[in-house]
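**Student:** Read off the chains here:
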Amino acid sequence: MTAAATLLQPKARTASMSRRHVETALLLGPALLVLALLFVVPLARLFSLAFTDPAGPFATFGVLAESSVYRQVMWNTFVVALMVTALCVLLAWPVAYVLSRLEGVWFGIALYGVLFPFWISVLVRTFSWMLLLERNGPINRLLMATGITEAPLALLFNNVGVLIGMIHILLPYMILPLYGAMVRIDRRLLLASDGLGASLLDTFRRIYLPLCLPGLAGGATFVFLLSLGFFITPALLGGSNAITLSMLIASFVNDRLAWSLAAAGSLALLAIVLVLMGLAARLLPIERGLFAR
Amino acid sequence: MNRLPLLLRISANAGASLVLAFLVLPILAVVPASFNKASFIYLPPRAWSGVWYERFLADPEWHTSLVNSVEVATLATIIAVVLGTLAAIGLRRIDGRMRMLVTGLFLAPMIVPVIVTAVALYRSALDVGLSGTIIGMSLGHAILALPFVVINVGIALRAIDDNWLRAAAGLGAGPWRIFRTVTLPNITPGIVGGAIFSFITSFDEVIIAVFMAGYASKTLPVKIWESIRLEFTPVIAVAATVMIALAIVLFALAQVFSRKTGSPSR
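The listed protein sequences derive, respectively, from chains A and B.
The opening residue of the first sequence carries number 0 in numbering that gives the first Met the number 0; numbering runs sequentially from there.
The opening residue of the second sequence carries number 0 in numbering that gives the first Met the number 0; numbering runs sequentially from there.
Keep in mind that the hints were calculated from the coordinates and are not lab data.
Be careful, since some hints might not be right.
[Said to hold, decoys possible] Per the computed footprint, the stretches of chain A lying under chain B, defined by three or more beta-carbons under 8 Å from a beta-carbon of chain B, are:
1) 108-115
2) 146-157
3) 161-171
4) 242-254
Since this is a predicted model, take the numbers as computed values, not measurements.
Note that CB positions come from ideal geometry on N, CA and C, so glycine has one too.
Isolated chain B (complex conformation):
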C-alpha cells in the first residue's frame, strides 16, 4: 500500500486529475458564454462581444436585482454576525446537556432541508406581511448564515485560554474591558470568516429568495432563476459571471485573512 504498483499509482493520479477537472472546469463555462454576440448562447461563441454586459448594466431589472442582493446580504450578515458572535461566547459559559441542546438548535438551520425552511418562512411571512420585502429575505438568510458564524467564532474562542481571562480579571479589568482587550482581538479572524461566509451564503441563496421575493425585491439569483425559465439569452451568463467574480473575490479575501492570522476561516 505504501508503494502502490506503478500502474495503480498512475491510474489513481489520472482519476484524481479527471475528477478535479470535472469539479472546476464546468463552472467556468458561463464565462465564455457571457461573451456571445448572438442573442442565444453557443459554446464556444462563434462571434465574441461584450454587448450583453452593456445590456446587463443598462437593464434596470438586472441592475435593481444586483443592488437588492447586496442589500439583503449586508443586512443578513450584520444580523447573523452580531447574534452569532454573542451566542458563541454564551455557549462557552454553559455545559452539559444544556450546551448540547442549544448548540443543536443553533445548527438546526443547516440540517433542515432549505426547501422546508423556505416554505415555512414564506407561510409566516405572508401572515405578518414580510413577504416580498428586503427585510423578510434578510431575516431568512440570517437564519441560514447563523450556524456558520457560531461555528467559526466557536473555533476561534477555543484558542483562548481561560487563564488569560482570569489574569485580566485578577488585574482588575471589568467584563467589558476583558472582552474588548482579550476576547475580541482573538476572535476577530473567526468573526471575519463568519461574516464573509454569511455574505456569500445570502448572496448565493435561491430557494428562500424565490419564495419570498416580490416584484420589486428580486435578488440577482431570483432574477437568474426566472430568466432561465423564460429566455435563454447570454445576459444570464453575464449575471452568472458577476456572481462567480464576487465569489472569487470573497474566497481570496477569506484566504488572505486566514493566512494572516493563521486561523482557519472555514
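Looking at chain A on its own, in the form it has when it is part of the complex:
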C-alpha cells in the first residue's frame, strides 16, 4: 500500500491495524492461557496454602524458621550449593580455556564432550554414580587396590556423593558461559600486555580475568540457583543427614501431607531464587541474554 493510498483510506488502515492486533492476540493467547491455567494459577493456589494455617497467616514460616532441624536443612542446602558452585568454577576453568584455544576436529570432540551430558537424563546419570560410588563399587575397589585407602570409603548417601553427582550435572552450565567469554577475548590485548613487560600473572590478573568475569559470574549464578532447587541427585545420593530444601518440600507432601509447610517451603525457595537472580543481574557484570546462546 503506498503512502497516498494510505492517506486516502484511513478507515481501511485502522481496520487493518486492529486486525493485526487481533492476530497478535490470537497468536499469543493460547500459550498465555495454558501458562496461566497450568502454571500461574497452580503456583498461586499452592502459595496461598502457606497462609492458611489455623495458627495464623504466617505460622508456617515461623515453624520453618524456628525449628533447628529445618534451619539445618536450609544451611545444608546453601553449603552444598556454594561448594558445588566453587568446585564447578575450578573444574570449568581448564576446559573452557582449552576449548577457546582448540580448532577443528579436536574442538568438535571437546565441545561434544561438554554438550553430550546435557542430553542424558539426570536420573540416569545419578543412577550411574550410585553404581560407581557404591561401597563395593569400582571406585572404592580401585582406591583399595592402589593402596590409597584400606577400608572402602563412604562415598554414597552423604554430601560427598551429592557433591560429585551435582557437579557432574551442573558443570556444563559453568563451562559454556565461561568459554563464551574466553573465546571473545582479543588475543592482541594479551600480546600487548606481554610486550609492555607485564608478567604472566599480571596479564592474567589485570587483563584476562576481568574479561572472563561476565561469563564467570553468569555461569556461577546459574549453577548456584540450579543447585538450590536440585532434587533428584540429593534425594538419591544424599543421606538422611544431608537433606536439602527440595527434599524437605517433597517429604512434607508425600510423607506428612503437610501442605501448608510444603507451600511455605516452596515459596521460600522461589523467593530466594528470585532475590538472588535480581541481585546478580544488578551487581554482577553478567552479559545479557544468557539464554540466547
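Using the hints, position chain B against chain A.
**Tutor:** Frame of chain A; chain B shown alone:
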C-alpha cells in the same frame, strides 16, 4: 598469555582432558552394568549376559512404563510445539515493556525450581482429577518444554528479514499465504529443534512425573526411580541404557538437522 609456558599448557590440557573424561565416562557405566548375569549389579560384570534385557521386555510393568513415556512425551511435544511456535511469532509483533513481560512469563518455567512447579501442579491436579493421568503429566511437561520451543523458534524468526514479509504482502499474498511460503520454511529448523528438545525434556523428566503418576500411568523414569529404592537389579541398568540410546538418537538427529539447515538447534 598467548604463549603459556610449556608446563602450564600441558597441565591445562591434562586438566581439561580429565574433566571431560569425568563428564562423559561415568554416564556409560550403566551399559556394562546392564549386561550382568547375576541378580545384582557388579562392575565390571563377572559374567556377561543379556538376560535382563529379556526381563525388561517381558515384564509388563517396564513395558507399560516405556509406552506411557512415549505417549506422554509425544503429547507434551505436540502441545508445546503448537503453542510455543504461535507464541514466538506473536512475540515478534509486540515490543517494549509488554514484550519483556510476556517473554519473562514464557521463560518462567525454566526459572522456577521444578520441585516447586511439581508440587503446585500436583496439588491442582488432585483438585481437578487430573492426577495419575497421562494427560495430566503431558500438560505438566508441556509447560516445562514451552520455553525451549519459544527460544528455538524465536532464534529462527530473527533470521527472517521483515522486508521479505512486506515484499510478499506487496505482491498480494494474504497473511496465511505469507506464513506458509515465507515464515514457515524459514522457521522449520527451529520448530524441529524445539520439538526434539521438548520430547527429550518430557521423556527424561522425573520430578513432575513422580508426583503426578498413578499406579497405571508410571513413566519409564518413574519406574526407574521407584525400582532404585526397592531393589537394585540390573534391569534398572537396562532401562537406563534404553534411555541413553534414545537420547543419543535424538542428539544425532538434532545435529544432522541443524547441520543440514545451518541453524543452531539449541
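**Student:** Which hints, by number, does the structure contradict?
**Tutor:** 2
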